[in-house]
Amino acid sequence: DGGITQSPKYLFRKEGQNVTLSCEQNLNHDAMYWYRQDPGQGLRLIYYSQIVNDFQKGDIAEGYSVSREKKESFPLTVTSAQKNPTAFYLCASGSTAMNTEAFFGQGTRLTVV
Amino acid sequence: ELKVEQNPLFLSMQEGKNYTIYCNYSTTSDRLYWYRQDPGKSLESLFVLLSNGAVKQEGRLMASLDTKARLSTLHITAAVHDLSATYFCAVDIWDKIIFGKGTRLHILP
Numbered sequence: 001d002g003g004i005t006q007s008p009k010y011l012f013r014k015e016g017q018n019v020t021l022s023c024e025q026n027l028n029h030d031a032m033y034w035y036r037q038d039p040g041q042g043l044r045l046i047y048y049s050q051i052v053n054d055f056q057k058g059d060i061a062e063g064y065s066v067s068r069e070k071k072e073s074f075p076l077t078v079t080s081a082q083k084n085p086t087a088f089y090l091c092a093s094g095s096t097a098m099n100t101e102a103f104f105g106q107g108t109r110l111t112v113v
Numbered sequence: 001e002l003k004v005e006q007n008p009l010f011l012s013m014q015e016g017k018n019y020t021i022y023c024n025y026s027t028t029s030d031r032l033y034w035y036r037q038d039p040g041k042s043l044e045s046l047f048v049l050l051s052n053g054a055v056k057q058e059g060r061l062m063a064s065l066d067t068k069a070r071l072s073t074l075h076i077t078a079a080v081h082d083l084s085a086t087y088f089c090a091v092d093i094w095d096k097i098i099f100g101k102g103t104r105l106h107i108l109p
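Protein sequence lines correspond, in order, to chains A and B.
With the numbering used here as the guide, the letters of the first sequence map in order to residues 1 to 113.
With the numbering used here as the guide, the letters of the second sequence map in order to residues 1 to 109.
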């Protein structure tokens, strides 16, 4: 089945640690996105990528990093510089060429302990 | 800076009633999406609107797009409890997708 997979579903991090969230898609989409959602809030764009080896900062990129070495994969690292990392992280992929919307993974809930 | 504004942000309504959610955006775009989110879950795509005047309908939900007014609407007809969720509009522009804050819809039996 085609889709977008995020892992892990739940992640706990100690203060000062970096953690990496995985996002993989087999939809052959060029574009991939990372969003952060805080309780009762909307989605805020962290990073996005339209092609391999290229990505752009979104509205809240500070304290995060990404890579796009393969079309299928767009991992997000939450660094120790991110002061309030506890949130629900959503990855999406899409294709303007295919006239489709962005499809979302199931999300990763990150908690700092 | 692209801004996407939804209103209302919270809506409590009785079953059987009709209502409309509004989505305004600040910069020209021909692509607008509507999503649904249930508590603790990810986002589910509802509608893709790709041109001025586009109208899509699915069950009790109908979405429309007016690119000249930079306005999209999501109309709910004869609401039922199962439609209780948070609804987001999102605008696709400059290779990125920006979301509104969402409308939390609570339908009372």
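Calculated directly from the structure, the hints in this document are not laboratory data.
Note that beta-carbon positions come from the ideal geometry of N, C-alpha and C, so glycine has one too.
Treat the hints loosely; a few may be bogus.
[Claimed, not checked] Over the 12 Å line for every Cβ pair with chain B, so calculated as not near, a few chain A residues: (1) Q6; (2) Q41; (3) R44; (4) Q50; (5) D59; (6) G63; (7) E72; (8) A92; (9) N99.
[Unchecked claim] DEER-style ranges, computed between Cβ atoms: (10) A:D38 <-> B:Q14: 37 to 43 Å; (11) A:K83 <-> B:K56: 36 to 42 Å; (12) A:N84 <-> B:Q57: 38 to 44 Å; (13) A:P75 <-> B:Y22: 43 to 49 Å; (14) B:Y19 <-> A:A81: 39 to 45 Å; (15) B:D95 <-> A:Q41: 20 to 26 Å; (16) A:Q56 <-> B:Y22: 44 to 50 Å.
[Unchecked claim] What the simulated footprint calls covered on chain B by chain A, stretch by stretch (three residues with Cβ under 8 Å from a Cβ of chain A suffice, anywhere in the stretch; the number is not a length): (17) 45–55; (18) 62–72.
Output the numbers, in ascending order, of every earlier hint that fails for this structure.
As far as the earlier hints go, 1, 2, 3, 4, 5, 8, 9, 10, 13, 16 and 18 are violated by this structure, in ascending order.
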